[in-house]
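Asker: What follows is the residue order along each chain.
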Amino acid sequence: MAKAKIPINRYQVFQSTKYLFIHIFLMSVAATCIFPLFWMVRSALMTKETIFIDKSLFPSALQWGNFVKAWIGGNFGTYFLNSLFYTFSVVVGIVIISSLAAYAFSRLRFPGKDFFFYMFVAAMMIPLPGSFVPLVVLMNKIGLVNTRLGYILCMINVGLSMSILLLKTFFDKMPSDLEDAARIDGCGKIRIWWNVALPLARPAIAVVVIFNSLNVWNEFILANLLLTDDSLMTLQTGLFKFQGPNLADYPVLMAGLTIAAIPIIIIYLFMQKHIIKGLSSGAVVG
Amino acid sequence: MSTNAAKTFNFSKLRYTLESFAFIFPAVSIFSIFYIFPFFYIFKLSLYEWNGLSPFMSFIGLENFIELMRDKIWWTSMWHACYITLIALTFQNMLAFGLALACDREIRLKKFYRVVFFLPPVLSEVVVGFIWRWVLNAGEQNGEPYGLLNFALMKSGLNHLITDWLSNPDTALTCIAIVHSWKGFGWGFIMLLAGLQTIDKQLYEAAKVDGANSWETFKNVTVPMMIPVILVVMILTVLGSMQVFVLILSMVGQGLEYEAEVPVTRILAAMTSSKQYGYACAMGVTFGAILIFISFSFKKISERMKQV
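Same order as they appear, the protein sequences are chains Y and L.
Just so you know, the numbering used here puts 134 at position 134 of the first sequence, and the rest follows in order with no gaps.
Just so you know, the numbering used here puts 1072 at position 72 of the second sequence, and the rest follows in order with no gaps.
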């Protein structure tokens, strides 16, 4: 009873309408982010004929066979495994190589240290569009075109600067007490790096892993130029090849897109804390 | 004795140095082969006429660059990249800033929004391009458009707006720029939100005590505090948007008739289609120089602004 007598607070009304409008704004943008993805999955479940006619949100007959068609007929099984293999190898390579270098730049003393470090930093600052032209020429010369190794090495190089900078920044902030203790106990540098420094740097390594995984999985141009052999192609280049002969088969293309997008979305949803932390700290962008 | 001691000392020092170099050796060697060598090689190739296969490369000096200055398609492609960048700078960044301001408070579903807005950026440009190509599809059967956008326009009685979005020279580039902004605003959003959250809340309270309304607070507290972050977001937007091209390949395809060409697709075409490796490298060098000039000017501006 007492509550009913209180006059409606104008300020409260203003506040709640304000929040309502904020939510409408945010929700509408969120909808534009999700809906195209939903439309992709929905279109992947149609037949070649119904996809052009039926515009209902939830079609009645779901054609899961399109995924089988893409996986086997469209060779997406091979592309998927290739993408997985490249992503895994590149990320493992980057973590080991960049953490070794970052550890040296942070903890060890040697001549030319600053020179080498700033060389990597400078590479991040200088945009080099079209660098794929000399790179492909070089790969042709040393016979690494159309080899898994060639592509993996190129992609390790792509992620190297950013990862070294990120890990070095982390090592610089990390107290070195444990490493000193290990050194007094007679550990060599490599053992300290592997047994002490790396486990402590886990949060930074998580950021390196997630960003490089996204980068390699989604990479297109080098895969397109270096891996022309069908058995070596990745999902991203496979989607293009798939456009040619099966141009009319939109549902299978949509199934292929779904196959390429789902793993990255799942990884993102599990790792989004690290992504947002990495971005917010500004470490990723330098 | 003393010389002996010095020798052992030097030896252990040498060993230490060599061990340290072993740590950076893998990184430096990969970097030298796959970054530094191509970096210098692109300058060399830009001075030659070469089809990429023949063992003979003919040195032609700066002719590639002179030809490039006269290449109308090249400068058109440059204008296209600038157009996409302008839309990204205004539309995409304003959207990102608006969303960040909306989320910079105690609000329900904040985590949900943050996760969803970063969904387009984690997808590949190929996937994004093909999805939107399908949504913007212009085909039709018995007056029923295939594409979702044209279908929605028909259903809402806006038939006069229906067009072949990606083949129409008037709309193709704008569609690409908007899809590019759709894919990219999540980056700006996360970075701007992180920036907003670092602003000391006491500043807002002080402004309130001084009787500032919310617009004045925004203008005099939020914006000045955010300028460093805004500049970083802007420079990343410019560098990213100028170099966009995979999205274009997947949205419009390689059968471009110059209406959606950007510098990087020109470089790619010169290399793969017309086999002019030297010319492609000259384009790369020129474009790289332009990008460096842009980011350098941005840095100068941001230094100026910090001083004020």
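By construction, these hints were calculated from the structure, which means they are not laboratory data.
Certain hints may be false.
[Said to hold, decoys possible] No farther apart than 25 angstroms at their CA atoms in a straight line, the calculated lysine-lysine pairs in the PhoX-like style are these:
id	chain 1	residue 1	chain 2	residue 2
1	L	1208	Y	18
2	L	1013	Y	277
3	L	1219	Y	18
4	Y	18	L	1155
5	L	1275	Y	277
6	L	1208	L	1219
7	L	1155	Y	48
8	Y	113	L	1208
9	Y	241	L	1275
10	Y	141	L	1044
11	Y	55	L	1155
12	L	1275	L	1219
13	Y	273	L	1110
14	Y	18	L	1044
15	Y	69	Y	241
16	L	1111	Y	277
17	L	1201	Y	18
18	L	1219	Y	141
19	L	1044	Y	273
20	Y	173	Y	241
21	Y	48	Y	69
22	Y	55	Y	173
Note that the structure is predicted; figures quoted are calculated from it, not measured.
Asker: A separate judgement is required for each hint: does it hold in the structure or not?
Answerer: Hints, verified against the model:
no.	hint	verdict
1	L:1208 x Y:18	holds, 19 angstroms
2	L:1013 x Y:277	violated, 40 angstroms
3	L:1219 x Y:18	holds, 20 angstroms
4	Y:18 x L:1155	violated, 32 angstroms
5	L:1275 x Y:277	violated, 44 angstroms
6	L:1208 x L:1219	holds, 13 angstroms
7	L:1155 x Y:48	holds, 23 angstroms
8	Y:113 x L:1208	violated, 51 angstroms
9	Y:241 x L:1275	holds, 21 angstroms
10	Y:141 x L:1044	holds, 16 angstroms
11	Y:55 x L:1155	holds, 11 angstroms
12	L:1275 x L:1219	violated, 53 angstroms
13	Y:273 x L:1110	holds, 13 angstroms
14	Y:18 x L:1044	violated, 60 angstroms
15	Y:69 x Y:241	holds, 15 angstroms
16	L:1111 x Y:277	holds, 13 angstroms
17	L:1201 x Y:18	holds, 21 angstroms
18	L:1219 x Y:141	violated, 58 angstroms
19	L:1044 x Y:273	violated, 45 angstroms
20	Y:173 x Y:241	violated, 47 angstroms
21	Y:48 x Y:69	holds, 12 angstroms
22	Y:55 x Y:173	violated, 55 angstroms
Going through the hint list in order, the structure does not satisfy hints 2, 4, 5, 8, 12, 14, 18, 19, 20 and 22.
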